[in-house]
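Enquirer: Take the sequence shown: its letters are residues -7 to 225, numbered as in my numbering.
Don't read these hints as lab results, they were simulated from the structure. Just to be clear, a hint being listed does not mean it is correct.
[What the hints assert, rightly or not] List time: in silico EDC-like cross-link candidates among lysine to aspartate or glutamate, alpha-carbon distance up to 20 Å:
1) Lys124 to Asp153
2) Lys24 to Asp81
3) Lys152 to Asp218
4) Lys124 to Asp87
5) Lys124 to Asp93
6) Lys124 to Asp197
7) Lys24 to Glu35
8) Lys4 to Asp30
9) Lys52 to Glu35
10) Lys24 to Glu9
11) Lys52 to Asp81
12) Lys52 to Glu131
13) Lys52 to Asp93
14) Lys124 to Asp41
15) Lys124 to Asp81
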Amino acid sequence: ELIGGSHPGIDKWLGGELAADGCIYGVPGSAKCVLKVDPRTDEVTRLGDLRGLSAIRGGKFKWLRGALDPETGDTFGVPSNGNQVLRIDRAGGIDLLGDPDALQGHWKWHGGVRAANGSLYCCPCNAERVLKIAPASGEVSLVGGPWPGKQKWYGSLLGKDGCMYNVPNCASAVLKFDPASETGTLLGNLPGGGWKWHGAAVGGDGNIYGVPAHARRVLKIVVGSDEVGRELA
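Full structure from sequences and hints, please.
Expert: Structure below.
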């Protein structure tokens, strides 16, 4: 079943989150607005005007994925080519956070996690540092690193040890980031480049399994032991 009106274009919204008001909010990639879906009524509406907030002409790939903060009920869009963090509050209001001069560049972060300390931490793709969002205050900062390189990690998962594990796409190691100390450690010795894995999932055993993009096998990260590089058929 298809609901709502037609939304022409490509790469319009890149991920979404179920918010505290019971609605689903689509995070704008190349779209110029936020998409709001009300599952109770199947009503689909557009919110805001977000043109011109991208490092790429035409406003392409502004934010990539979102993260919900259960304490505030706000949803945060992770900046990819956008130069600020997108915040959608629990009432559907939209605003932008962070210093745009400090968040310049292309394909900066790719997803994120909410840590036990209540802050959100975003996976560095082309960015050299982890992006930290403090939901209660709206403060945005850069922590850890620097880790130079392009297309390093795609997607992050929170391990049972409380650390964020970032999945190597073109990086030669997994980035394990500890929110308690806001420091990172590179784990494993993998081939560089290659667009290897894209995203992952936490298994019932508590370990993390990387999904192969161009890699031929699944990557297993044994959480707590720092064992990386065991690939599964």
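Enquirer: All the hints need checking, so say for each whether the structure fits it.
Expert: Each hint, compared with the structure:
1. Lys124 to Asp153: Since the Cα atoms of Lys124 and Asp153 sit roughly 19 Å apart, the hinted pair holds (cutoff 20 Å).
2. Lys24 to Asp81: holds (18 Å)
3. Lys152 to Asp218: holds (13 Å)
4. Lys124 to Asp87: holds (17 Å)
5. Lys124 to Asp93: With a Cα-Cα distance of about 16 Å, the restraint between Lys124 and Asp93 holds, given a limit of 20 Å.
6. Lys124 to Asp197: violated (28 Å)
7. Lys24 to Glu35: Judged against 20 Å, a Cα distance of about 19 Å means the pair holds.
8. Lys4 to Asp30: holds (18 Å)
9. Lys52 to Glu35: violated (26 Å)
10. Lys24 to Glu9: holds (18 Å)
11. Lys52 to Asp81: Given pair Lys52, Asp81 is violated - Cα atoms ~23 Å apart, limit 20 Å.
12. Lys52 to Glu131: Judged against 20 Å, a Cα distance of about 25 Å means the pair is violated.
13. Lys52 to Asp93: holds (18 Å)
14. Lys124 to Asp41: violated (25 Å)
15. Lys124 to Asp81: Distance of about 18 Å is within 20 Å: holds.
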